[in-house]
Amino acid sequence: MLWYTGKRILQMIPVFFGATFLIYFMVFALPGDPIAALYGDRPPTEAVLEQVRARYNLDQPFIVQYLLYIGGLFTGDFGTTFSGRPVTDVMAAAFPITFRLAMLALLFEAFFGVLVGFIAGLRKGKLFDASALVVSLLLISVPTFVIGFILQYLFGVQWGLVRPTVSGEAPWSELVLPAVVLASVSFAYIVRLTRASVSDNLSADFVRTATAKGLSRRRVVTVHVLRNSLVPVVAFLGVDLGALMVGAIVTEGIFNINGVGGTVYKAITLGEGPTVVSFIAVMVIIFVLANLLVDLLYAALDPRIRYAK
Amino acid sequence: MKRSRIGMGAIALVAASALALTGCAAGDDEASSPSGDTSAIVSTNGSEPQNPLITTNTTETGGGKIATSLFAGLVSYDADGAIENEVAESIESDDATTWNVTLEEGWTFTNGEPVTSQSFVDAWNYGAKLSNAQSASYFFDNIVGYNAEADSELTGITVEDDTHFTVELIAPEADWPLRLGYTAYMPWPTVALEDIEAFGENPIGNGPYMLAEEEGSWNHEVGISLVTNPDYDGVRKPVNGGLEIKFYTDLDGAYADVQSGNLDVLDAVPDSAFETFESDFPDSAVNQPAAIFQGFNMPYYLEHWSGEEGKLRRAALSMSIDREQITDVIFQGTRTPATDFTSPVLDGYSDSLEGSEVLEFNPEEAKKLWAEADKISPYTGTFDIAYNSDGGHQAWVDAVINSVKNTLGIEATGKAYPTFAAALADRDANKLTGGTRAGWQGDYPSLYNFLAPLYTTGAGSNYEDYSSEEFDSTLAEGTKASTVEDAIAKYQDAQEILLEDLPTIPLWYSNVVGVSADTVSNVTFGWDSVPLYFAITKG
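Keeping their order, the protein sequence lines are chains A and B.
Counting in numbering that gives the first Met the number 0, the first sequence runs from 0 upward without gaps.
Counting in numbering that gives the first Met the number 0, the second sequence runs from 0 upward without gaps.
One chain only, chain A, in its complex shape:
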């Protein structure tokens, strides 16, 4: 197990370099001169433009720019934004907020998604099950930003229960509504996933065996059915953590949250290479670690899955 974990962590090194190289290349390949665009229709003199380009190594060929960036990483220098702020500062401000948002969303979708899906699976064909299916279908088919705007309008403007936008410190309490919006689609998937898995497992051999052994219905359902039904759900949640961090872009925009999504979006449109690459590199690491965690959880949930050397 330890060996397996170590191997997986070592695998992150080529993934990291591959991802940063590709992303840097893509940002570099974006058409247009980002520095000229920075000034809009009001260009400063060419001499000023050249100096600013040189400040961000944009006068160098791609490979030199990339190597300078990577070289900087080893000294803890992630580059600077076009406004002269260190990217590390921007990351330190943005990641905790998005992480809180994603965690809340993940908790919300995991808890309520499994709960609703579990009950629906046990009462297949009943009213609760039918309603859960309709609601989840609705959540999947309506785009997140529509849900976001409607909830923002109802809760924020119409009823005045919450602030329509999140303040700078983004405390947990203010993130609840955005997290619900962010979680809505995945919640619907988890409901359906859990429901299908539970209803499959209910007719599985090991459940029949457990019932035949004389175990109580409660024990059969919670330990045997639920535990086994969680394997696909956990797999989904692992992938979803990455999706949530990326998907936050729309939610963060609606609620004016200064998180990862908005920062990356802005940096891409500005052609700010170091910011884009640094952010995405960190997101790649989070994604890879989340997947590792999922793989390890598999073994805990299902003893048949073991990682040999």
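Since the hints were derived computationally from the structure, they do not count as laboratory data.
Quick reminder that beta carbons are idealized off the backbone N, C-alpha and C, glycines included.
Possibly wrong hints are sitting among the right ones.
What the hints assert, rightly or not - So, partial list: chain B residues that the calculated Cβ filter (under 7 Å) puts toward chain A:
1. Asn50
2. Asp121
3. Asn124
4. Tyr125
5. Ala147
6. Gly390
7. Gly391
8. Ala420
9. Ala421
10. Ser460
11. Asn461
Use these hints to put chain B onto chain A, whose structure you have.
Below, chain B alone, put in the same frame as chain A:
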């Protein structure tokens, strides 16, 4: 053109329908007390400044509105764009070339340092010096000693004593004092030059407001807190306790904040609320022309668009566009059809320049001119207008294209570029295949500022390389005029030349649209679309 933040068009559209579905709340009527609480903090929207708050490097709106609150220059602008003396006691000249500036005594920076002639000279020299790479450096290019290719001192500025200095311009400029309220001309305390980075992060000014705290007032990407500067005694004396400028990446959220009373003043309205903002805020909605000119250019290097043929075609194009209808339908009346190349908020604006009928919708005449041009050389190919799709331009480009297509009966289409950078690259490299959107927001309230940077031969923002000796010399005559009135007359003459040549096809002026919650009153917008924050009362 001050670059605005990128909106999400699709989201805005859906927001509009969401609002329509749920019904819209109308603002509550409430009589506001005229006096207000002089210690109340007014909250308003803003955006993260593009650069540290160094006044000579702040040429975009986000940083601009903060800088003008923190600093007081020689003059400031009133709501109509007229100048009033701030630090200056007088700015005088006999020949419009050598200007004598006298400062009022008693001005200090918030660190206690007195504002002297040197405070201005140091800041201007820093801004003009090439190796400092300041974006506003070209604002000093008319002062003797400026050099765009090498580091140099502004030798034209002579400090007589603490309250007197003279400025010698390279060429006469009758309305030079009009410029001096612009951000680039603010004075700096000596600490600025000791550590410019620290200064940009925590600027020390002499304006109506100052940072709420020494450190951390500017919470990056979140907002900035300003409080009233007790030592300030200029013409913009605040009647409130300070400003809380919150940064928004998306105007829809800001709009919801004003609707729910979490934000006092919003100096813009999201596209999605164009239709409803006047009924949402019946008492506080503002919708008036601003110093923002918009149009599109037809490059001369394209076949059919140069010489006599090009001139005919541009006139035909201009007359084939129904500006009234487009501003009504697409912009819900938040744009005003153009009648010249400047803006209605400026002194000297005219809606009756000779030749301005070319800006009126006239399909018959348009067809006639197009046919005349076809006699010189028959038109082939598709007509297109380039725009950046990250800037919310698609709707009006499509409308203009349709107007042209229906009137002239030619193939026409909008040409989308993914980003502003991509569109600018092709424009800069003379690789356009058709028209390109063009816009200009005034730096200071003068006709000259709307004409010189865009249409004089070789000017910085003259991307399409328009060149007319007649225009250049008429404009130069204007700058040499001994009075502002004479100058204006010449600038209008210069515009009549533009109306004939149409280097850009004027479309409309952006309106300043804004709303405020019933927590505040006396919200007036200045000529530059920024509310006069100091005059806002709360409580």
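Hints versus structure:
The interface hint given for Asn50 of chain B is met, as the beta carbon of that residue sits about 5 Å from the closest beta carbon of chain A, less than 7 Å. Proximity of Asp121 of chain B to chain A is violated relative to the hint, the smallest CB-CB distance being about 20 Å (cut-off 7 Å). With a least beta-carbon distance of about 16 Å to chain A, the hint placing Asn124 of chain B at the interface is violated under the 7 Å criterion. The restraint placing Tyr125 of chain B at the interface with chain A is violated, with a minimum CB-CB distance near 13 Å, outside the 7 Å limit.
Proximity of Ala147 of chain B to chain A holds as hinted, the smallest CB-CB distance being about 5 Å (cut-off 7 Å). For Gly390 of chain B, the interface hint is violated, since its Cβ never comes within 7 Å of a Cβ in chain A; the closest pair sits about 10 Å apart. This hint is violated: Gly391 of chain B has a C-beta 13 Å from the nearest C-beta of chain A, more than the 7 Å allowed. Evaluation of the Ala420 of chain B hint against chain A yields a held restraint, the C-beta minimum of about 3 Å falling below 7 Å.
Because the closest C-beta pair between Ala421 of chain B and chain A is about 4 Å apart, less than 7 Å, the hint holds. Hint on Ser460 of chain B holds. Least Cβ distance to chain A is approximately 6 Å, under the 7 Å limit. Interface hint at Asn461 of chain B: violated, since its Cβ lies 10 Å from the closest Cβ of chain A, which is beyond the 7 Å cut-off.
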